[in-house]
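Work out the full structure: start from the sequences and follow the hints.
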Amino acid sequence: MPWSYFIKRIFLALLTFIAIYVIVYLLIASFSPDPFSATLESGKKSDGSQAAKLAELHARYFFDKSPIVRLGIYTANMFKGDFGPIYKTGETNAIPNLFFSPLRYTILVSLPSFILSSIIGVTLGIVAAYRRDRLEDAAISGFSTFFVAIPSFVLAPFIVFIAIKLGLPFEFKDPATYGAAVTATSLIPPIFVFTITSIPGYVFLVRNQVITVLSSDYVLIAKSKGLSAVAIFFKYVFRNSSIPLVRVLLFSYVGLLSGSIILEQFFRIPGSSSILVGAAFDGEINISMFSIIFFTSLALIVNILGDMTYVVMDPRITFGAQSQTNYLAKFKHWRSRKLKEKKTNDTSRI
1447 MPWSYFIKRI FLALLTFIAI YVIVYLLIAS FSPDPFSATL ESGKKSDGSQ
1497 AAKLAELHAR YFFDKSPIVR LGIYTANMFK GDFGPIYKTG ETNAIPNLFF
1547 SPLRYTILVS LPSFILSSII GVTLGIVAAY RRDRLEDAAI SGFSTFFVAI
1597 PSFVLAPFIV FIAIKLGLPF EFKDPATYGA AVTATSLIPP IFVFTITSIP
1647 GYVFLVRNQV ITVLSSDYVL IAKSKGLSAV AIFFKYVFRN SSIPLVRVLL
1697 FSYVGLLSGS IILEQFFRIP GSSSILVGAA FDGEINISMF SIIFFTSLAL
1747 IVNILGDMTY VVMDPRITFG AQSQTNYLAK FKHWRSRKLK EKKTNDTSRI
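Residue numbering for the sequence shown follows the working numbering, starting at 1447 and increasing by one per position.
Among the clues, some could well be false.
Computed cross-link-like contacts, DSS-like style, restricted to lysine-lysine with a CA-CA straight-line distance of at most 25 angstroms [to be verified]:
hint, residue 1, residue 2
1, Lys-1534, Lys-1511
2, Lys-1511, Lys-1526
3, Lys-1671, Lys-1681
Ranges between beta-carbon positions, derived for each pair [to be verified]:
hint, residue 1, residue 2, range
4, Lys-1511, Lys-1789, 15 to 25 angstroms
5, Ile-1750, Met-1524, 37 to 47 angstroms
6, Asn-1543, Ser-1661, 45 to 55 angstroms
7, Gly-1588, Ile-1707, 42 to 52 angstroms
8, Asn-1543, Phe-1592, 40 to 50 angstroms
Derived by calculation from the structure, the hints in this document are not laboratory data.
Note that the coordinates shown come from a computational prediction; the quantities given were computed from them, not determined experimentally.
For glycine and all other residues, C-beta sits at the position ideal for the given N, C-alpha and C.
Below is the structure:
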């Protein structure tokens, strides 16, 4: 197990997290709307008392400070487990519950979509690879190309139209009001859209990987030895093709989990996207930052886990050979050369 590589990966992940964390906070703090103005005005003209109240709120929540100072205050509080208040209500320590409570609805849509799309996509990719340059390959590739070209927000209205024609609910129904059966039925249209738009990525990846393995020398040797197609598939093709697929599967689910804002809004699913959209328009910096911290951490952890699966599934892989460029050594060489040039120039002047 190349522990030195994973230590480097963790270190780089921490640097990436810090860079995203700092840049995003400064951007949000600099350009987000004032979360107190709309609440105080409530449609009335601003007067002196409201201006004083607004100044008091700005001072209490450090909105009178620069974004860099606010970043330092937020970071110090975050290490204490305090992710800040909700400005609209003044509640403290309520952001984690506010974020994770609707996340179950996002998972309720994204998890079945992920399972269905990965199974269907992998299966179609294998079929297309084994039937390369034939009718089946052309049909599967054409299907995948068609749905790659159509964005989910364009496909969604057509699915809603079909759902209405079939008598299915086209928006989310709360199980507390309508029951579990109606809720499950209302999830069919969004799950279908998520699934159908995720399949092509798996198809193209698996098809290319399987074709590469089928063309390799060890598969040709196995065929010449008389091994059956089933034995070759499970012993060579499936195992070697699945190595890069595992990492893609992990990342694809994170993408489904964090990238469902448009479809959740379209189908009125009360998932985490509704919280994020509301926070962005209301200037709730703390809510936006908590969601960014969560999804960034999740993506970086999945990235490290994906690297670790390479070693588990194929011990022949050596991570030290992945990058042939040692940027630190190049920088040291460049710096040494510049110092020598400077010393030479100084000597010539004397």
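Outcome of the hint check:
no.	hint	result
1	Lys-1534 - Lys-1511	20 angstroms, holds
2	Lys-1511 - Lys-1526	21 angstroms, holds
3	Lys-1671 - Lys-1681	14 angstroms, holds
4	Lys-1511 - Lys-1789: 15 to 25 angstroms	47 angstroms, violated
5	Ile-1750 - Met-1524: 37 to 47 angstroms	22 angstroms, violated
6	Asn-1543 - Ser-1661: 45 to 55 angstroms	53 angstroms, holds
7	Gly-1588 - Ile-1707: 42 to 52 angstroms	30 angstroms, violated
8	Asn-1543 - Phe-1592: 40 to 50 angstroms	42 angstroms, holds
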